[in-house]
Amino acid sequence: MSHERRKPYPFDIIEPQWQAHWEAQQTFHTPNPGEPGFDASRPKYYVLDMFPYPSGSGLHVGHPEGYTATDILGRYKIMRGFNVLHPMGWDAFGLPAEQHAIKTGEHPAIQTRSNVDNFRRQLKALGFGYDWQREVNTTDPGYYRWTQWIFLQIYHSWFNPATQRAEPIAETYTGADPDSVRLAYVSEAPVNWCPALGTVLANEEVVDGKSEVGGHPVERRPMRQWMLRITAYAQRLIDELEGLDWPTGIKLLQSNWIGRSEGAEVHFTVDGSGEKITVFTTRPDTLYGATYMVLAPEHALVDAIVTEEQLAEVEAYREKTARKSDLERTELAKEKTGVWTGAWALNPVNGQRLPIWIADYVLLGYGTGAIMAVPAHDERDWEFARKYALPIRQVVSESPTLGLGGGSPPCEAEPLEVFTGEGFAIHSGPLDGLPTADAKAEISRLLTEQQLGFKTVNYKLRDWLFSRQRYWGEPFPIVWSEGKHHALAESELPLNPPPLDDFKPTGTGEPPLAKAVDWVKYRPIHHERGSAGTSTAFPLPSLGFIEGAEQDGPVATRETNTMPQWAGSCWYYLRYCDAQNASRFVGEHAEKYWMATNGKPGGVDLYVGGTEHAVLHLLYARFWHKVLFDLGQVSTPEPFQRLVNQGLIMGEDGQKMSKSRGNVVNPDTVIDAYGADALRCYLMFMGPLEASKPWSMNGVEGINRFLARVWRLGLEENQAGEWVVSRAVQDVAPDKAQLKVLHATIKKVGEDIEALAFNTAISQMMICVNAFTNANPRPLEALRVLVQVLNPFAPHLTEELWARLGLGRNGVFPLAREPWPAYDPALLVEDEIEIPIQVNGKLRDKIVVKKEATKEEVEAAARASTKIAEWTAGKEIKKVVVVPGKLVNIVV
RNA sequence: GGCGGCGUGGCGAAAUGGCAGACGCAUCAGACUUAAAAUCUGAAGAGGGGUUACCCUCGUGUGGGUUCGAGUCCCACCGCCGCUACCA
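The numbering of the first sequence is the working numbering, which starts it at 943 and goes up by one.
There may be inaccurate statements among the hints.
Here are the computed lysine to any residue pairs in the SDA-like style, where the Cα-Cα straight-line distance is at most 20 Å [unchecked claim]:
| # | residue 1 | residue 2 |
| --- | --- | --- |
| 1 | Lys1402 | Ile1180 |
| 2 | Lys986 | Pro975 |
| 3 | Lys1152 | Gly1451 |
Don't read these hints as lab results, they were simulated from the structure.
Note that the structure is predicted; figures quoted are calculated from it, not measured.
Just need the whole structure built from these sequences, with the hints factored in.
In structure tokens, the structure reads:
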């Protein structure tokens, strides 16, 4: 394309003008309660986007898909008289900025700032009606100060099992060791260490044994880490999903991730030593079928029980497993391996001796890290037993006959295949004959009675590994002294990361912050003697008041880990409610208003984002929210009442968009060629919001054509090539047919926006435009209505038409602040309707009847049809179905 | 393997159990034009019959079922996509 394509309407001129206008007028600023301009009589609507990580490559068309949907809804709700909170911000801590810093030596804040500026520019070019006064940035000290503050709330709290909620340790914890119950605690657990990134990763950041970012190999390694006790909330995180208006798939995903399973813990003793092995099983009814035991290779008990003869082999196996990455473990999953420890355990119910093995198919992190193996009724145990020639003992029968009457059959031949289903207990002493469910209950009762075990619930969910060995994250407000951690006082927040010359990882697992030697040395900066009444106001009480500490050198060292990127996104929706508040993470009034319950469940009214955050972000944010709720800091138990996932936008080739495929669409180029309104409308017209769908440049052009038709409905080009009000536009009343299509459009567009069915809303507006394209005169009133309902979709075009056609009633407010038009249902009803007539369910004729025609009249009219007479000639009419206003079906 | 989602023209799609394919893209034809683009008008699921208006048959992945009536509900199967994966 050598020369510029002529623009069908001047979007390139009007779009920037309106964007500047909205900014100058602060059209989309939403005042908080108590601020000037706040109208308490209006209901509130909080519509939220998942805020982006401002990457160097800028917006991708997937971003504005969801953002346009929320923008349309937000603009619509404003027109419907709501106080609308629709904010935007930046999830700006993250690995790419840090890696750029490592490469260039430039502080990550610099690149982050320019990326944010670029994202903001792109979003503004799309005409989104955000309240930019509420913009947040997780890397801003005024923001992460409160991230650190929330961490301190978590740190100072425990989960009280009696009340099933978080409470301040200082207030209700009566035990001796608060560090053992904190919701934020330090653990020495094995972690996913990624040598290439020089950091540990959360389980969630490891995909197929490789780092999610960069795809580097990950290995297991024990390190001291901060953990958040999310497992305490496992049950509530499942239960409280129920009242949420979320897609069922996402709810399922979350609840599967938490992974509740009911079963029992059973205590085995090690033969010849006092050691106890506790296992978790969902099939305690198969206890009599246990023929060996397996410990995870990393299990602490292994050292204590391994025999001298087996020591070398066990050590070798453990070493091999430790070296294996998760990837290798997964790849080798087909072939099970293991080593006998030389030790034996005793089955608590029958005293049978069971060899104790170690094998990497048993995971330290699930259950108790130890299992009783019942090869006859578990596929993994079956496979393992076959490989190592361990005994297999059937204790569940598919049919009830075997176990009943004469007791267990004498023969205990090994079964030919594994049976994992439910059935009836056999060879199981007191359980014989019982169906599986009853056998489970009975064995649990017996175990409890004899203190050999108990019924319990196990969760797949693990505590959240919350520290990272990175520079570009929130530093922990924690110092260490004599091996103990202490919280900083709130007055010392924000704790800023130190300046560094070199952002490279140390490679030892020690975080980059450790390089800031002076920063790491901590001296108490102020003492508030006598204010020890609250848990946080008193800086480092255990360090005491060391006179002259400043002269005598550091009394403590700072924590050098930083928080993961998830931290900032756990509460940003709260900050939006009161983004400028310098004295609280969110003002109480603002929080109560925007997250208000109003008798309903409350929280964010609509949250739109991609499925990639279905589990982690949403789970973490719910967890933090619940802690804050328990502590009385927020007023709702759940943050996001309604959740919608927008679908993926594929490349024009139907493949997922990616740089390597070269099919990525940049919103900037689309805006240049067709304008922001066309991009917005196209994104909404492609298909249902939640479906994934392929991009089509032709489709954008079609939408652009539609918008140009709307433009020409009001304006025409004069001899001089200027756009002037069309001569066809006159202030005349629309005729009946025109009124009908207008009111049908008001109704359908409104209903479709509420249902997020934007594609069909646009179809209806196209129908409306088609109906007026050749109208002459063209009633001004028709344009008023059309421009109003189209405004949330194509705000620039419609504002311009509104102004040029002089449609505003007071000439002051932008269209965006005009009320949504009302429709008259009376105009939608037809006097006469066309009704299809079917014979045996097949369409044979159509008749026109009066709207209010009775069933009998309709049937008579149908029978009177000559075509129907032909179809029914010589046949007996068995039945006639008349659905008033719908159809007639004659059965012969 | 498990869980979830989806299969409708050449393409994106629409359809409270009630006229399948609205709306748009691409296509074709006509109008305007010296010509093209743009614009406007119209045609069009597939197959067949008729001189026109028109008529018939088939048709929503496949096979069954429920129903007066199924794209829609139920069962089984096939295919694609996403997530998850030794979870005891």
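Evaluation of the provided hints:
no.: 1; hint: Lys1402 to Ile1180; in the structure: holds, 12 Å
no.: 2; hint: Lys986 to Pro975; in the structure: holds, 11 Å
no.: 3; hint: Lys1152 to Gly1451; in the structure: holds, 17 Å
Of the numbered hints given earlier, the model fails none.
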